[in-house]
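Student: Now for the letters of each chain:
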Amino acid sequence: MLTDFALGGRWPDLARDMRRLQDEMNRAFGGFRLAVPAEYPPVNVWVGADGAIITAEIPGVAPDQIDITVHQDTMTLRGKREPAAPGKDGTVHREERATGSFARTLVLPFRVDSEKASARFERGVLILELPRPPADKPRQIKINPA
Amino acid sequence: MTDNTSAATAQTETVSQAPTFLPPADIYETKDAVVMLLEMPGADPQSLNVTLDKRTLTITASAKPFAPQGYTLVHAEYEDGNYERVFTLSELVDGDRIDAEFKDGVLRLTLPKTTPSPAKKINVRAA
Numbered sequence: 001m002l003t004d005f006a007l008g009g010r011w012p013d014l015a016r017d018m019r020r021l022q023d024e025m026n027r028a029f030g031g032f033r034l035a036v037p038a039e040y041p042p043v044n045v046w047v048g049a050d051g052a053i054i055t056a057e058i059p060g061v062a063p064d065q066i067d068i069t070v071h072q073d074t075m076t077l078r079g080k081r082e083p084a085a086p087g088k089d090g091t092v093h094r095e096e097r098a099t100g101s102f103a104r105t106l107v108l109p110f111r112v113d114s115e116k117a118s119a120r121f122e123r124g125v126l127i128l129e130l131p132r133p134p135a136d137k138p139r140q141i142k143i144n145p146a
Numbered sequence: 001m002t003d004n005t006s007a008a009t010a011q012t013e014t015v016s017q018a019p020t021f022l023p024p025a026d027i028y029e030t031k032d033a034v035v036m037l038l039e040m041p042g043a044d045p046q047s048l049n050v051t052l053d054k055r056t057l058t059i060t061a062s063a064k065p066f067a068p069q070g071y072t073l074v075h076a077e078y079e080d081g082n083y084e085r086v087f088t089l090s091e092l093v094d095g096d097r098i099d100a101e102f103k104d105g106v107l108r109l110t111l112p113k114t115t116p117s118p119a120k121k122i123n124v125r126a127a
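Protein sequence lines correspond, in order, to chains A and B. Counting from 1, one number per residue, gives the positions in the first sequence under our numbering. Counting from 1, one number per residue, gives the positions in the second sequence under our numbering.
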């Protein structure tokens, strides 16, 4: 990976290069089935005839702290991961869990019936059921006999 | 506190097809306890297993695979599987009073420290 300083005249974006390298490594060695989760939270999307189910791993966030909005075919998840507070006299040994605000938007291939959309939170996994409006569902058309 | 994960995974062999993940952990210490927070989203509380053998603390759990009927997985960024992590504790911990709580996919372990036994003076008999 070579960066030409003379041509562009810009500083190389090291963070971006690192991310790209990481993505390439993941693609080379990781399972091809898994997309590289660049964003938080990681989601799985299930699609059926009745609509979609989106699951997201958001451990440690209280269910009432997750904000979900659905508009037409767009679903947005927002929330904040609070850091564990060790208290005044506490010392931190390890801090591997990420903290901070997150937001994620997914666009589905169909409109969502926002009235019937439902969400539940089970053991750190958010399960969103997004049904299609009946008018939007594919309809079978019969051929009239000539 | 040492993380013995690589050594532990080398010894055990997974029989099931499900992958085993290393749950990210936060560890902090207060005056009288060591608190550990481990992220294990989707883990079945029934499968959670925390064992303390001398100074080796082992945490295992497994997540039930989520597969709704009539739906196909079209996009995947995470997998359901097992969780396993092994720690070696440097502090003396009271094994009988360990408190474990699993809430919103995070396991919170409170390990109370044992009070160190006072140094004992041994009298030497002069022969």
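Think of the hints as simulated: they come from the structure by calculation, not from any bench. Backbone N, C-alpha and C define an ideal beta-carbon position, used for all residues, glycine too. Incorrect hints may appear among the rest.
To be verified - Below, a list of computed lysine to aspartate or glutamate pairs in the EDC-like style, where the Cα atoms sit at most 16 Å apart:
hint, chain 1, residue 1, chain 2, residue 2
1, B, 113, B, 96
2, A, 80, B, 104
3, B, 31, B, 91
4, A, 88, B, 32
5, A, 137, A, 67
6, A, 116, A, 136
7, A, 88, A, 73
8, B, 113, B, 94
9, A, 88, B, 80
10, B, 113, B, 32
11, B, 64, A, 73
12, B, 54, B, 91
13, B, 113, B, 44
14, B, 54, B, 96
15, B, 113, B, 80
16, A, 80, A, 39
17, B, 64, B, 53
18, B, 103, A, 89
19, B, 54, B, 94
20, A, 116, A, 39
21, B, 113, A, 89
22, B, 103, A, 50
23, B, 31, A, 136
24, A, 137, A, 122
25, B, 103, A, 122
26, A, 137, A, 39
27, A, 116, A, 129
To be verified - If you want the footprint, here are the derived chain B segments under chain A, 3+ residues with CB under 8 Å:
hint, stretch
28, 42-56
29, 59-71
30, 104-112
31, 116-125
As the list claims (entries may be wrong) - Partner residues aside, some chain A positions facing chain B, computed with beta carbon under 10 Å:
hint, residue
32, 56
33, 57
34, 86
35, 91
36, 100
37, 101
38, 106
39, 117
40, 119
Student: It remains to establish, for every hint, whether it holds in the given structure.
Tutor: To see whether the hints hold, each was checked on the structure:
no., hint, result
1, B:113 / B:96, "holds (11 Å)"
2, A:80 / B:104, "holds (14 Å)"
3, B:31 / B:91, "holds (12 Å)"
4, A:88 / B:32, "holds (13 Å)"
5, A:137 / A:67, "violated (27 Å)"
6, A:116 / A:136, "holds (14 Å)"
7, A:88 / A:73, "violated (46 Å)"
8, B:113 / B:94, "holds (6 Å)"
9, A:88 / B:80, "violated (37 Å)"
10, B:113 / B:32, "holds (6 Å)"
11, B:64 / A:73, "violated (29 Å)"
12, B:54 / B:91, "holds (11 Å)"
13, B:113 / B:44, "violated (28 Å)"
14, B:54 / B:96, "holds (12 Å)"
15, B:113 / B:80, "violated (34 Å)"
16, A:80 / A:39, "holds (14 Å)"
17, B:64 / B:53, "violated (27 Å)"
18, B:103 / A:89, "violated (25 Å)"
19, B:54 / B:94, "holds (10 Å)"
20, A:116 / A:39, "violated (27 Å)"
21, B:113 / A:89, "holds (15 Å)"
22, B:103 / A:50, "violated (32 Å)"
23, B:31 / A:136, "violated (61 Å)"
24, A:137 / A:122, "violated (29 Å)"
25, B:103 / A:122, "holds (10 Å)"
26, A:137 / A:39, "violated (30 Å)"
27, A:116 / A:129, "holds (8 Å)"
28, 42-56, "holds (count 4)"
29, 59-71, "holds (count 4)"
30, 104-112, "holds (count 3)"
31, 116-125, "violated (count 0)"
32, 56, "holds (9 Å)"
33, 57, "holds (4 Å)"
34, 86, "holds (4 Å)"
35, 91, "holds (5 Å)"
36, 100, "violated (14 Å)"
37, 101, "violated (17 Å)"
38, 106, "holds (9 Å)"
39, 117, "violated (15 Å)"
40, 119, "violated (14 Å)"
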